[in-house]
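Undergrad: Chain residues, written in single-letter form:
2 protein chains.
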Amino acid sequence: MFESAEIKHAIDEKSFEQQLPALREALLEAQFELQQQSRFPVIILINGIEGAGKGETVKLLNEWMDPRLISVETFDLQTDEELARPPAWRYWRKLPPKGRIGIFFGNWYSQMLQARVDDRINDAVLDQAIDAAERLERMLCDEGALIFKFWFHLSKKQMKNRLKELEGDPLSSWRLSPLDWQQSKVYDKFVRHGERVIRRTSRDYAPWYVVPGADENYRSLFVARTLLDGLQVALQEQQRPQRHPHSAPLVSSLDNRGLIDSLDLSQTLAKDDYKTQLATEQARFARLMRDKRMRQHGLVVVFEGNDAAGKGGAIRRLAAALDPRQYHVVPIAAPTEEERAQPYLWRFWRHIPPRGKMAIFDRSWYGRVLVERVEGFCSQADWLRAYGEINDFEDQLARGRIVLVKFWLAIDKETQYARFKEREEVGFKRFKITEEDWRNRDKWDQYVDAVCDMVDRTSNSRAPWTLVEANDKRFARVKVLRTVNEALEAAFAQDL
Amino acid sequence: MFESAEIKHAIDEKSFEQQLPALREALLEAQFELQQQSRFPVIILINGIEGAGKGETVKLLNEWMDPRLISVETFDLQTDEELARPPAWRYWRKLPPKGRIGIFFGNWYSQMLQARVDDRINDAVLDQAIDAAERLERMLCDEGALIFKFWFHLSKKQMKNRLKELEGDPLSSWRLSPLDWQQSKVYDKFVRHGERVIRRTSRDYAPWYVVPGADENYRSLFVARTLLDGLQVALQEQQRPQRHPHSAPLVSSLDNRGLIDSLDLSQTLAKDDYKTQLATEQARFARLMRDKRMRQHGLVVVFEGNDAAGKGGAIRRLAAALDPRQYHVVPIAAPTEEERAQPYLWRFWRHIPPRGKMAIFDRSWYGRVLVERVEGFCSQADWLRAYGEINDFEDQLARGRIVLVKFWLAIDKETQYARFKEREEVGFKRFKITEEDWRNRDKWDQYVDAVCDMVDRTSNSRAPWTLVEANDKRFARVKVLRTVNEALEAAFAQDL
Numbered sequence: 001m002f003e004s005a006e007i008k009h010a011i012d013e014k015s016f017e018q019q020l021p022a023l024r025e026a027l028l029e030a031q032f033e034l035q036q037q038s039r040f041p042v043i044i045l046i047n048g049i050e051g052a053g054k055g056e057t058v059k060l061l062n063e064w065m066d067p068r069l070i071s072v073e074t075f076d077l078q079t080d081e082e083l084a085r086p087p088a089w090r091y092w093r094k095l096p097p098k099g100r101i102g103i104f105f106g107n108w109y110s111q112m113l114q115a116r117v118d119d120r121i122n123d124a125v126l127d128q129a130i131d132a133a134e135r136l137e138r139m140l141c142d143e144g145a146l147i148f149k150f151w152f153h154l155s156k157k158q159m160k161n162r163l164k165e166l167e168g169d170p171l172s173s174w175r176l177s178p179l180d181w182q183q184s185k186v187y188d189k190f191v192r193h194g195e196r197v198i199r200r201t202s203r204d205y206a207p208w209y210v211v212p213g214a215d216e217n218y219r220s221l222f223v224a225r226t227l228l229d230g231l232q233v234a235l236q237e238q239q240r241p242q243r244h245p246h247s248a249p250l251v252s253s254l255d256n257r258g259l260i261d262s263l264d265l266s267q268t269l270a271k272d273d274y275k276t277q278l279a280t281e282q283a284r285f286a287r288l289m290r291d292k293r294m295r296q297h298g299l300v301v302v303f304e305g306n307d308a309a310g311k312g313g314a315i316r317r318l319a320a321a322l323d324p325r326q327y328h329v330v331p332i333a334a335p336t337e338e339e340r341a342q343p344y345l346w347r348f349w350r351h352i353p354p355r356g357k358m359a360i361f362d363r364s365w366y367g368r369v370l371v372e373r374v375e376g377f378c379s380q381a382d383w384l385r386a387y388g389e390i391n392d393f394e395d396q397l398a399r400g401r402i403v404l405v406k407f408w409l410a411i412d413k414e415t416q417y418a419r420f421k422e423r424e425e426v427g428f429k430r431f432k433i434t435e436e437d438w439r440n441r442d443k444w445d446q447y448v449d450a451v452c453d454m455v456d457r458t459s460n461s462r463a464p465w466t467l468v469e470a471n472d473k474r475f476a477r478v479k480v481l482r483t484v485n486e487a488l489e490a491a492f493a494q495d496l
Numbered sequence: 001m002f003e004s005a006e007i008k009h010a011i012d013e014k015s016f017e018q019q020l021p022a023l024r025e026a027l028l029e030a031q032f033e034l035q036q037q038s039r040f041p042v043i044i045l046i047n048g049i050e051g052a053g054k055g056e057t058v059k060l061l062n063e064w065m066d067p068r069l070i071s072v073e074t075f076d077l078q079t080d081e082e083l084a085r086p087p088a089w090r091y092w093r094k095l096p097p098k099g100r101i102g103i104f105f106g107n108w109y110s111q112m113l114q115a116r117v118d119d120r121i122n123d124a125v126l127d128q129a130i131d132a133a134e135r136l137e138r139m140l141c142d143e144g145a146l147i148f149k150f151w152f153h154l155s156k157k158q159m160k161n162r163l164k165e166l167e168g169d170p171l172s173s174w175r176l177s178p179l180d181w182q183q184s185k186v187y188d189k190f191v192r193h194g195e196r197v198i199r200r201t202s203r204d205y206a207p208w209y210v211v212p213g214a215d216e217n218y219r220s221l222f223v224a225r226t227l228l229d230g231l232q233v234a235l236q237e238q239q240r241p242q243r244h245p246h247s248a249p250l251v252s253s254l255d256n257r258g259l260i261d262s263l264d265l266s267q268t269l270a271k272d273d274y275k276t277q278l279a280t281e282q283a284r285f286a287r288l289m290r291d292k293r294m295r296q297h298g299l300v301v302v303f304e305g306n307d308a309a310g311k312g313g314a315i316r317r318l319a320a321a322l323d324p325r326q327y328h329v330v331p332i333a334a335p336t337e338e339e340r341a342q343p344y345l346w347r348f349w350r351h352i353p354p355r356g357k358m359a360i361f362d363r364s365w366y367g368r369v370l371v372e373r374v375e376g377f378c379s380q381a382d383w384l385r386a387y388g389e390i391n392d393f394e395d396q397l398a399r400g401r402i403v404l405v406k407f408w409l410a411i412d413k414e415t416q417y418a419r420f421k422e423r424e425e426v427g428f429k430r431f432k433i434t435e436e437d438w439r440n441r442d443k444w445d446q447y448v449d450a451v452c453d454m455v456d457r458t459s460n461s462r463a464p465w466t467l468v469e470a471n472d473k474r475f476a477r478v479k480v481l482r483t484v485n486e487a488l489e490a491a492f493a494q495d496l
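If you're matching them up, the sequences are chains A and B in order. Sequential numbering from 1 applies to the first sequence in full-length UniProt numbering. Sequential numbering from 1 applies to the second sequence in full-length UniProt numbering.
In isolation and in its complexed conformation, chain A is listed as follows (with noise of 0.2 Å):
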């Protein structure tokens, strides 16, 4: 994998030297247009051998190019804020947004590979991380984002002579621990585990590039016109590629019954037993909350439904039991200018609560296979691939420790024109309806298949879906409190 890299590259400074000023002007060109179009973001990984000219390079990207729009960001020691979420949080917080390049030193492969050289994971967790990496990666490609991965490599005797320049040079002290690296040990275990993850990284939109890094007009010279004709191609695509989604449709159910159907709409708690179950369930609910085993863990709970299904209801009586500091509601609505220019699970990661605390969020990510997908506002192939993506998100979640609770406020057709009607004569309660809601609801059984196809795709042991019947407000608040609790206790058991 190393072979062609390890070979004697080389370019003379005259040769280097003219062919620099069109190189220069040609990226700077190509970068003013990506500004310009501000269509989609550059992403580009810095890994591989110490030594091997990652920082002298970017450096250099940063002198040639407009460090105006260009932002270098490093990861090594995490931050007490960013300690307190799930890991992909701070890559998520660092994303250069349409029209920009982001250069990351210090990225997942990085960290993946330290751990698993210090021997602080085995071969397993390292296929995992490599497949999170990798799910990350396409949705970010999927979204847009152009990718560049670059391995700078040396061979064992390259490196070897490089540190050993490199050690006379006070310029070179910011380099992270050089001194490991002299032991050949090192050296053989960093490269033996990263053939490993770029064999199982590379693929068609997102390939690693080796760069010889023995040679500096080389390596220089290489990485610009890699970056440079990745460029100028995306830049002239009509859009981003796009994969073809499976065509055959989804078909919930060919009976014509879903899951919602199936739902017993009639339950009703009766006011007395409402009164006394929602004041112990909520009670039960401050007292997970205020446990100490909860410091371990986040909590997230999604709120969607019917139109006047009684989400709001639901999340006073929900949040009525804490202290208004050990939560947030998140509302959903159209994302903002900066939220638009990220990739969409974006606007969701910022509101991800750290450790101890609960995020309640009034709508989610679920809008793309639900609104927008039935009313046109993404592709058909964006929503499809959601699916997975939101699973990915979610599995990130459970593995930062964040309980993820998800409820879906069921009400019948009926109810709803009921409780609409309300709505429009009760005073306060009107600017709770609009036009939007009555034309959703010409869409009901567009609605219905989209909701059972989520719940079948997206509900999983880790993140169940619970449907809630929600004719009855009383049933349905309480419902929602009980399985909130349930929730933490059972997570709370599984950390024993």
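Hints were generated in silico from the structure; no laboratory data involved. Don't be surprised by glycine CBs; every beta carbon is placed ideally from N, CA and C. Just so you know, not all the hints are guaranteed correct.
Within a straight-line C-alpha distance of at most 20 Å, the following computed EDC-like cross-link-like pairs (lysine to aspartate or glutamate) qualify [what the hints assert, rightly or not]:
{"id": "1", "chain 1": "B", "residue 1": "357", "chain 2": "A", "residue 2": "56"}
{"id": "2", "chain 1": "B", "residue 1": "275", "chain 2": "A", "residue 2": "17"}
{"id": "3", "chain 1": "A", "residue 1": "98", "chain 2": "A", "residue 2": "229"}
{"id": "4", "chain 1": "A", "residue 1": "357", "chain 2": "B", "residue 2": "56"}
{"id": "5", "chain 1": "A", "residue 1": "473", "chain 2": "A", "residue 2": "414"}
{"id": "6", "chain 1": "A", "residue 1": "275", "chain 2": "B", "residue 2": "63"}
{"id": "7", "chain 1": "A", "residue 1": "357", "chain 2": "B", "residue 2": "81"}
{"id": "8", "chain 1": "B", "residue 1": "94", "chain 2": "A", "residue 2": "80"}
{"id": "9", "chain 1": "A", "residue 1": "59", "chain 2": "A", "residue 2": "73"}
{"id": "10", "chain 1": "A", "residue 1": "292", "chain 2": "B", "residue 2": "76"}
{"id": "11", "chain 1": "A", "residue 1": "98", "chain 2": "B", "residue 2": "338"}
{"id": "12", "chain 1": "A", "residue 1": "94", "chain 2": "B", "residue 2": "82"}
{"id": "13", "chain 1": "A", "residue 1": "357", "chain 2": "A", "residue 2": "489"}
{"id": "14", "chain 1": "A", "residue 1": "59", "chain 2": "A", "residue 2": "17"}
Now the in silico label distances, taken between C-beta atoms and shown as ranges [stated by the list, open to error]:
{"id": "15", "chain 1": "B", "residue 1": "424", "chain 2": "A", "residue 2": "338", "range": "26 to 36 Å"}
{"id": "16", "chain 1": "A", "residue 1": "164", "chain 2": "B", "residue 2": "122", "range": "49 to 59 Å"}
{"id": "17", "chain 1": "B", "residue 1": "489", "chain 2": "A", "residue 2": "226", "range": "32 to 42 Å"}
{"id": "18", "chain 1": "A", "residue 1": "460", "chain 2": "B", "residue 2": "93", "range": "33 to 43 Å"}
{"id": "19", "chain 1": "B", "residue 1": "350", "chain 2": "A", "residue 2": "460", "range": "36 to 46 Å"}
{"id": "20", "chain 1": "A", "residue 1": "25", "chain 2": "B", "residue 2": "444", "range": "23 to 33 Å"}
Given chain A's structure and the hints, the job is docking chain B onto it.
TA: Coordinates of chain B only, in the frame set by chain A:
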């Protein structure tokens, strides 16, 4: 000051229940109107005596209003990301956008009071903190924010009774060390210093409301009514009140000689000298940034200047001395939607670097007193008050141990013309010249006035402006680097 709050106020259950529905409806209406208008944010500061119902009231407000449009923020222990930046950064990052309500527990007042009560600071430092709070609030109000400051009060006897009650209640366990408060000494100190703070920070635009805390019904209604009245009035105003700016025109000089005219733009640097000096200053800069004393400081470098004065080139020479992981370049363009929903300075605060790092601002917060003033993008009142706000802002940076270096790159009209023409002709420079540049050029004299005013009003020993004679690019680049180096060395020398 607290006399009338210590009177036995009470509202019986029946009359409370009677008033409640209409009040809640009105609060919801006002909150909805606030969101619809999205003209200003609401900031509620919660302070006062332990046990006086602060937490309970906030909880209640969340139940009575729509919690999806409220965010409750606490500020107790600083995270390491916050510790690495000036103290005010943590408040800026949590400011509610226009249309939303932010409730700040443990805000600037709690911090200063707790510090004073614990004798960590003396009266003089408390006065500085009071002064800073006043400036911050005045700025927020000038930007349209509606601020409510509530002081929840109890007499000493009321407090003692209340804490005794709470001891038995498991739900109160999240409260801050109520035990301290059992000592009347703490109460006395807290009230004494609290009085001083309230007296000095009650202003027409952001008055304090002292809430009698003994009776739950009374205090709940008191807060809710205050909030409602304030909201309703603010919502009906065509625009948030603006104080009247001073009406005497700014005159930079009576003899038509400005600061800029007095520069000797003929200064040059020969190519050989340039190469040597640039290399020397870059090496010096690299060394200073790696100095361990740099861990105590952030560095912010601001570039302003005539169009085509060579800001980009100077920035590249400065950045080239460093590892790209040590800095971010922040190009200031039109504000995004999220930035427009915040006070003017918010979009700069978000890019303030942590200790040990540099942020280079390519154009900056001075836009308001330059392009926005000249082009009429903001009102005269806005740019006139900006001088004071900017001085306050930079003062906070300085106290937060940020070294601030500000450059105005000056060229004369002929040099600008030549550079514009060159840009139009040379391939990869053509994206640097737009119609707008030519239009700005027509307002050359107005810009000269604006620059003179800016320097006169915002240059001071802590954050001086450096005027850079930039007709000769080489001269300018070396002067920029040397000035930054001298500023760092001066800051390090003061550390001793």
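Undergrad: If a hint holds in the structure, say so; if it doesn't, say that too.
TA: Hints and how they fare:
1. 357(B) x 56(A): holds (19 Å)
2. 275(B) x 17(A): Holds - the C-alpha atoms of residue 17(A) and residue 275(B) are around 18 Å apart, at most 20 Å.
3. 98(A) x 229(A): holds (19 Å)
4. 357(A) x 56(B): holds (19 Å)
5. 473(A) x 414(A): Holds, at roughly 15 Å.
6. 275(A) x 63(B): holds (16 Å)
7. 357(A) x 81(B): With Cα atoms ~19 Å apart, residue 357(A) and residue 81(B) stay inside 20 Å; holds.
8. 94(B) x 80(A): holds (17 Å)
9. 59(A) x 73(A): This hinted pair holds, its Cα atoms lying about 13 Å apart.
10. 292(A) x 76(B): holds (19 Å)
11. 98(A) x 338(B): holds (16 Å)
12. 94(A) x 82(B): Since the Cα atoms of residue 94(A) and residue 82(B) sit roughly 17 Å apart, the hinted pair holds (cutoff 20 Å).
13. 357(A) x 489(A): Holds, because 16 Å separates the two Cα atoms, which is no more than 20 Å.
14. 59(A) x 17(A): It holds: about 18 Å lies between the C-alpha atoms, which stays within 20 Å.
15. 424(B) x 338(A): 26 to 36 Å: holds (33 Å)
16. 164(A) x 122(B): 49 to 59 Å: For residue 122(B) against residue 164(A), whose Cβ atoms are near 57 Å apart, the range 49 to 59 Å holds.
17. 489(B) x 226(A): 32 to 42 Å: Given about 41 Å between the Cβ atoms, the range holds.
18. 460(A) x 93(B): 33 to 43 Å: The hint (33 to 43 Å, Cβ to Cβ) holds, given that residue 460(A) and residue 93(B) are roughly 35 Å apart.
19. 350(B) x 460(A): 36 to 46 Å: holds (37 Å)
20. 25(A) x 444(B): 23 to 33 Å: holds (31 Å)
Of the numbered hints given earlier, the model fails none.
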